[in-house]
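Given chain A, put chain B in place with the hints provided.
Protein chains: 2
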Amino acid sequence: MSFPLPPGSTIGILGGGQLGRMLALAAARLGLDIAILTPDEDTPASRVAKTTFVAPYDDAEALAALAAASDVVTFEFENVPAKVVETLTRLGAEVAPGAKALAVAQDRVDEKSFLNAAGVATVDFQAVNSASEAVVAIGRIGVPALLKTRRDGYDGKGQRWIRDAADAEAAFEALAAPCILEAPAAFVRELSMVAARGRDGAMAAYPLAENHHENGVLRRTLAPAVASAATEAAAIAIAERILVGLDYVGVIAVELFELADGTLLVNEIAPRVHNTGHWTKDGCVTDQFEQHIRAVAGWPLGETTPLARVEMTNLLGEEADAWQTLAAEPGALIHLYGKRRAVPGRKMGHINRLKPL
Amino acid sequence: MSFPLPPGSTIGILGGGQLGRMLALAAARLGLDIAILTPDEDTPASRVAKTTFVAPYDDAEALAALAAASDVVTFEFENVPAKVVETLTRLGAEVAPGAKALAVAQDRVDEKSFLNAAGVATVDFQAVNSASEAVVAIGRIGVPALLKTRRDGYDGKGQRWIRDAADAEAAFEALAAPCILEAPAAFVRELSMVAARGRDGAMAAYPLAENHHENGVLRRTLAPAVASAATEAAAIAIAERILVGLDYVGVIAVELFELADGTLLVNEIAPRVHNTGHWTKDGCVTDQFEQHIRAVAGWPLGETTPLARVEMTNLLGEEADAWQTLAAEPGALIHLYGKRRAVPGRKMGHINRLKPL
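Quick note, the sequences are listed as chains A and B, same order.
Positions in the first sequence are counted from 1; adding 180 to them yields my numbering.
Positions in the second sequence are counted from 1; adding 180 to them yields my numbering.
Mixed in with the good hints there might be a few duds.
No copy is singled out in the list; a pair is fine if it fits within one copy or between any two copies.
With a straight-line Cα cutoff of 20 Å, these simulated SDA-like cross-link-like pairs (lysine to any residue) come out [as the list claims (entries may be wrong)]: (1) Lys535 - Arg489; (2) Lys535 - Thr493; (3) Lys519 - Pro184; (4) Lys519 - Pro186.
Just so you know, the hints here were simulated from the structure itself, not pulled from any lab data.
Bear in mind that the values here come from a model prediction, so they are computed numbers and not experimental data.
Excised from the complex, chain A in its bound form:
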């Protein structure tokens, strides 16, 4: 491959969900084609892609076909198995973001260790590989503390609070996997910074977003967040340390805790376009999806200047049934993902409500 990829090139995407779909729509605008690898038939992304390979992610034949069809391969979820990236790389495919970003994002201990080594603050934490280690860790970190599986788990799954030191062993046994024990963060606000790094090392950050979760799932994003210049600058510095430390290419999301004194701690990173960046689609000159495509294709990064203040609200499960009312709302843009079934809590779409900056 030679970068930048000219129009007419093909971006391979692992995953067929809404993020792949929105990446595909952005790529199309730039004259780029999309090949999807997904284990499922009739996915949101495959319905807007030129080519779809339906197979498990580790299917050798499908990976060979994807590598052959694609000028660069990216992904819409961070739990891509390491061996899939190895296979694609061995087949000569360029994968972006790279193996290091995936490894770090897949393991909460590696993630926080990387962040601290890069000079980025997190909550105190400790690896916990057994019930007895859980007891030791609680002894050092104290209660309450949050025990999470090192790998997998999302939207609040695979974690439990330990509020009494006596519950440490039971908590570990309930999760029954290598874990991380995290000190709580006395945060006043959850923020996130979506940023990007191009193949040339150029970086671009979006304005901070303020996020509100319910039951561990993102409910609303307000962006640009009302934040001081110092907070904005601190967040950009954090994002840049992470992007450089991972020799990153693409869009990354950095979830932040803002403490009462203004300190920012990194909660976690997602090596992909992110729900807290959906506001950029209608709120910024270049949205996060186009930005990611630009980065992995070796194009110059786009401008991240905000054009509007956006309130992004996820449409979960049957909330999307109100599409007629939502579509009639002035100053709002509704995004529906084309999912066939509205399972309760499932992200079916979102609405971006615009206000002047």
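For chain B alone, coordinates are given in the frame of chain A:
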């Protein structure tokens, strides 16, 4: 069919070019699927559509397949043969905009006759079906006058100026088809109004756009055009008369001549999304592509409020080769259509340069 079509419904589109592509991308954002009918393989639109039928537009089997796959059928070009719409309608498919809009848009005499009957001013004109009728018509209208074929012809093709009455017969014989003779318009500016009408009869107009042509091809659009409130109101009144007169559903483009005294004459109408509306993609809350999809799907029309002042420039032929430079321009959004070959003069993409309102 029952309207509004819920998310997950399929919009059929006749045509596989860039307008179909941009309609498909807009539909995807609303959770709607796309089926394309095109005579060509590997078209810009089919690469972002769920389903593509490759066959001539009048292929009975393909039309049956399209009708079966689609909850509503629309088109990206106005020269859809009347019998194609008849066939689709007979098969039970809903076609929007309807047969009347197509008939009027396909015949320049019928078009101007309809406009005048609807109380909309045009240049003086006369039908010319023979060389001798050309002589008679020139006798009444005078020189210079423009002889055009009644049907087909676009971007300046199929027409010639008659500057000397003695050339009338030769001009007709060169075109060798039923013609219209048009008086010249002493216009100071070419404007266009893109507007829409929903299934419920609601109408919405975009701000006026100012258009600059070169060699009969659109080069640049500046929008919102600097125009008086009276001019804006006059254009809206014209668009509404046309939309109501055609019992129209969808987006329409009305090309206007602005005379020195502020009078607006309609040059022609296009019963579809239009190149002079491309600025709306990045300049308005709801762009013309989404607006058309909303209208034909029976959704409420979206808000047409402008968010920015846009200079839209078409990228013709090899101009699109400068994509790297164009993609790096701050405050600009590049749109590339995924066309495989850059024939000179071919519309390969466009760039929307944004400025504050």
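Against the structure, the hints:
no.	hint	result
1	Lys535 - Arg489	both (5 Å within a copy, 17 Å between copies)
2	Lys535 - Thr493	within (14 Å within a copy, 28 Å between copies)
3	Lys519 - Pro184	between (33 Å within a copy, 18 Å between copies)
4	Lys519 - Pro186	between (31 Å within a copy, 12 Å between copies)
Violated hints: none; the structure is consistent with every hint.
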